[in-house]
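If you're matching them up, the sequences are chains A and B in order. Note that numbering that gives the first Met the number 0 has the first sequence beginning at 0, numbered continuously upward. Note that numbering that gives the first Met the number 0 has the second sequence beginning at 0, numbered continuously upward.
Warning: the hint list may mix true and false statements.
[Claimed, not checked] Capping the alpha-carbon separation at 16 Å, the derived lysine to aspartate or glutamate pairs in EDC-like fashion look like this: (1) Lys61(B) <-> Glu50(A); (2) Lys61(B) <-> Glu326(A); (3) Lys61(A) <-> Glu50(B); (4) Lys61(A) <-> Glu326(B); (5) Lys26(A) <-> Asp124(B); (6) Lys26(B) <-> Asp124(A).
[Claimed, not checked] Here's a subset of chain B near chain A, in silico, CB distances under 7 Å, partners left out: (7) Pro71; (8) Asn340; (9) Leu344.
[What the hints assert, rightly or not] Counterexamples of contact, computed for chain A against chain B with all Cβ distances above 10 Å: (10) Thr9; (11) Glu10; (12) Asp124; (13) Glu204; (14) Lys207; (15) Gly236; (16) Asp305; (17) Val307; (18) Ser386; (19) Ser399; (20) Gly434; (21) Asp435; (22) Leu455; (23) Glu459.
In case anyone wonders, no lab produced these hints; they're calculated from the structure. Quick reminder that beta carbons are idealized off the backbone N, C-alpha and C, glycines included.
The lines below spell out each chain.
There are 2 protein chains.
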Amino acid sequence: MSGEQELGITESKEHSPGEWYAEVVQKAGLADYAPMGGFIVTKPRGYAVWERIQNHLDGWFKETGVQNSYFPMFIPESFLEREKDIVEGFDPEVAWVTHGGHEELEERLAVRPTSESIIAPFMADWTRSHRDLPLRLNQWCSVVRWEATETKPFFRTKEFLWQEGHTAHTDEDGAWDETMTRLEQYKRLYEEVMAMPVMEGRKPEHDKFPGAHTTTTVEALMPDGKSVQGGTSHYLGTSFAEAFDITYADENEEDNVAHTTSWGLSWRAMGALIMTHSDDQGLVLPPAVAPTQVVIVPIWQEDTKDEVQEYAADLAVDLEDAGVRVELDDRDHRNPGFKYNEHELNGVPLRVEVGPHEVEDDEATLVHRPDGETETVSREGIGDTASEHLDTVHAKLYASAEETLEGEIREADSREEILGTIGQHGGYVKCGWCGDEDCEDPIKDAIAAEIVMVPLDRDEEPVHDECAICGDDAEETAYFAKSY
Amino acid sequence: MSGEQELGITESKEHSPGEWYAEVVQKAGLADYAPMGGFIVTKPRGYAVWERIQNHLDGWFKETGVQNSYFPMFIPESFLEREKDIVEGFDPEVAWVTHGGHEELEERLAVRPTSESIIAPFMADWTRSHRDLPLRLNQWCSVVRWEATETKPFFRTKEFLWQEGHTAHTDEDGAWDETMTRLEQYKRLYEEVMAMPVMEGRKPEHDKFPGAHTTTTVEALMPDGKSVQGGTSHYLGTSFAEAFDITYADENEEDNVAHTTSWGLSWRAMGALIMTHSDDQGLVLPPAVAPTQVVIVPIWQEDTKDEVQEYAADLAVDLEDAGVRVELDDRDHRNPGFKYNEHELNGVPLRVEVGPHEVEDDEATLVHRPDGETETVSREGIGDTASEHLDTVHAKLYASAEETLEGEIREADSREEILGTIGQHGGYVKCGWCGDEDCEDPIKDAIAAEIVMVPLDRDEEPVHDECAICGDDAEETAYFAKSY
Ligand SMILES: [Zn+2]
Ligand SMILES: [Zn+2]
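The following block holds chain A by itself, in its conformation from the complex (with noise of 0.2 Å):
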């Protein structure tokens, strides 16, 4: 049934991305489809660098003061009425649920798509002094939007798994701290653990999280010439605070309305980190994320099976005991190549390749995931020397990716620039903007591009003087891209 022809990466990543990112996905046991449309499940390997993400962030989170908790599934539909009311824009295509057992229920309820309604009452109701604030909630969980799109595993399902935080301050400094403190721990998160460089910026005012004062996000260049909203870190004001009635009592007794935020990173993240930096080989991983960090693939004979396996044992014992993530390939049924085949496929970053020569000088060759380049080390130190190039490979993850990204932002100044641009370079197109979102209507409709983002600094000086479409006075630089 698994034939070695069938484990192979057939598509290609530059000719056909799409279909390449779907059978990477596959093949590499990331996820699979499910029976419903819209629907995948996420399988071992890529639930365990889902995990990696999580805990990496969640530690964050708790060293900053978040507190965890858990708000339920279901939201009444007359709790999103009121969200649509407050909240121009607000319009979330959901799953309703309208039976429970065999009856039909009074009210339906909506699988939540986000949960600012169902967690602002009770925000408003744990917060009665300025003692009690911040108060900063995250949880972790599925939602639900029933948007009708193509089916792209960790890109565009109808559910996905996402964290979200919810938090109140008493001013708009300690909210607007917050709001910054997020968003670059998931610049942090990109950069770190993703190897991913990433640009944080402002969605312009008519692409802003509906309700929210700024909508903060980072974007990631994907090789396909897209951006990717990566995460988003929102200041909502008093908005929210004043629709849900999220309010304290100050030092003199006072009432004050709070200033809340809120910010979410998705599993997307890891469709981005899937498609930066896996090849047509299949899927590549930073060491901070992948399951197995190093593989140990024994060469042997018959006459040296023996002291090439127990070398090898030895071998993976010391990279443990380092703290490595390592797995002892010891398979008899399967030879070395096709070994190499499969842990490159899956993403493993370092492999360790012993045989009889490396016994013999007390070595061990080291081959790096993404371009293959070896080296044969001493067997003593490994887990130090195994640790380095496990640093290494991400450092080479990182830089490839930068280059890619300082090399895909170029600058225009008339409409025309910007549709050659975008359409023959992709990329990120920046030009100076009058603010007005008229003005990317023209290159939306010509080649599905829009305005991903502005500079966070709303005081920075437009790129141009005057606004690449329309040629009034430039407010700011837009970003233009292509998006997922």
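Add chain B with the ligands to chain A, keeping to what the hints say.
Okay, now just chain B with the ligands, sitting in the frame of chain A:
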């Protein structure tokens, strides 16, 4: 608003255990009621306890070959129907999603009540050869069962958090070992982490998980004399594998049917924990699950404030360095008495009091939450000392629960004696049983007690030769109890 009279527990554990439990859950900040009946909000302190339960169990699962994964929260009606056809007695009351966005769905989707019917087809798909086995999957998720009963946080809620493990093996021995491995891990969780003794047993044939060959259980006795099913581990035989076509090619390339298991533990474990150890002062938590293990309360007058606060802060650093989860309660606007009450309510296992005397003598006064035992100890080595005292607190909690359990297993050899003993004392009554469900009915009808378990070992001689109800030959020992 948050006056002191609101803080304390007003109900009595002994006299009104139901009201007392509800009050502890709310006032200790574990959970709140959601606006929809049957749903709760798990607050940070409650969720932190659940996370610690998860972390222990998840670590043990992974050490023993389990891989986490994530399957869709929705199950098409036809999939559930398929399970109904196979498994007599499987007819869960579920929440039905009938609409996505503004469209009615072609097929209704159940919000998962348990995931056998969506996981098993994938297990079939992923199992080709004997080399693919054992396949051990687990997911941590929430499930929904539309049962219309009174809400009791963590015990009875329509949505609840749990883990569900699903495994496939080549033969009965492997599957049976798996079943027992998980049961032992549940037992270990209760004993080592939650400081609760449990009894291991089997569910009687008529109360097995539908479709299972054997359902094993850990049962915990609550202070009100009722038994809680604390976790179940099912050996499913080949019934699910046959129905869902989970087959594999053995070493001779011949097709075989796999043997499967499933096992689950829900946040009901947390409910049992709260109910077992807590008291009329509020929550009591074993140190292994307590979000804060040690709270330091400085006691000072104006003239000693600086030295006491400095000393307390240094102590906190020492304890933190020793790996203790410590909180320094240096709030100025609360007096020590208020703080004692609050931390007792919130279940902090160990309180450290430091005042001018402690500073002068280089000491600290430790107070155990469960029984108020107080000891003044040397400042030197406070990290080790505190850890020892935390171990003692765990041991005290365990010993107390064990003493209760041991006194609450009684024997009876007639229907009247069963009724009288449970009626008077609660707890477990063991007796000879013929194995016929009909002999459970008169007990169930009279006092709502049932056979919560029989011994694990099928060959164990029954405690009496005759069935206590009908007088026929006894096949095994039945443990009768009221249950949650
Ligand atoms: Zn313009
Ligand atoms: Zn009988």
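Against the structure, the hints:
Restraint check for Lys61(B) and Glu50(A): satisfied, since their Cα atoms lie roughly 13 Å apart, inside the 16 Å limit. Distance hint between Lys61(B) and Glu326(A) is fulfilled; the C-alpha atoms sit about 14 Å from each other, no more than 16 Å. Proposed proximity of Lys61(A) and Glu50(B) is supported: the alpha carbons are some 13 Å apart, at most 16 Å. For the proposed pair Lys61(A) and Glu326(B), the alpha carbon gap of about 14 Å is at most 16 Å, so the pair holds.
Only pairs whose Cα atoms come within 16 Å are accepted, and Lys26(A) paired with Asp124(B) is accepted, the gap being roughly 14 Å. Between the alpha carbons of Lys26(B) and Asp124(A) the distance comes to roughly 14 Å, so the proposed pair stays at or under 16 Å and holds. For Pro71(B), the interface hint holds, the least distance from its beta-carbon to any beta-carbon of chain A being 4 Å, beneath 7 Å. Annotation: Asn340(B) was flagged as interfacial toward chain A, and the flag is violated, the nearest CB pair being 17 Å apart, outside 7 Å.
Annotation: Leu344(B) was flagged as interfacial toward chain A, and the flag is violated, the nearest CB pair being 16 Å apart, outside 7 Å. Residue-level check passed: Thr9(A) sits 20 Å from the nearest beta carbon of chain B, beyond 10 Å. With 10 Å as the threshold on Cβ separation, the claim that Glu10(A) sits away from chain B holds: the shortest Cβ distance comes to roughly 22 Å. A beta-carbon of chain B comes within 10 Å of the beta-carbon of Asp124(A); the shortest separation is about 8 Å.
The Cβ of Glu204(A) lies farther than 10 Å from every Cβ of chain B, with a closest approach of about 27 Å, so its non-interface assignment holds. Interface exclusion of Lys207(A) from chain B stands, the closest Cβ pair being 23 Å apart, more than 10 Å. Residue placement check: Gly236(A) keeps its beta carbon more than 10 Å from all beta carbons of chain B (closest about 25 Å). Interface exclusion of Asp305(A) from chain B stands, the closest Cβ pair being 23 Å apart, more than 10 Å.
Val307(A), annotated as away from the interface, keeps every beta carbon of chain B farther than 10 Å; the closest lies near 22 Å. Look at Ser386(A): its CB is around 22 Å from the nearest CB on chain B, clear of 10 Å, so calling it non-interface holds up. Here Ser399(A) stays apart from chain B, with its beta-carbon at least about 30 Å from theirs, past the 10 Å limit. Consistency note on Gly434(A): stated as away from chain B, and its beta-carbon is indeed over 10 Å from all of that chain's, at 32 Å minimum.
The claim that Asp435(A) lies off the interface holds: its Cβ sits roughly 31 Å from the closest Cβ of chain B, which is beyond the 10 Å cut-off. The claim that Leu455(A) lies off the interface holds: its Cβ sits roughly 30 Å from the closest Cβ of chain B, which is beyond the 10 Å cut-off. Interface exclusion of Glu459(A) from chain B stands, the closest Cβ pair being 38 Å apart, more than 10 Å.
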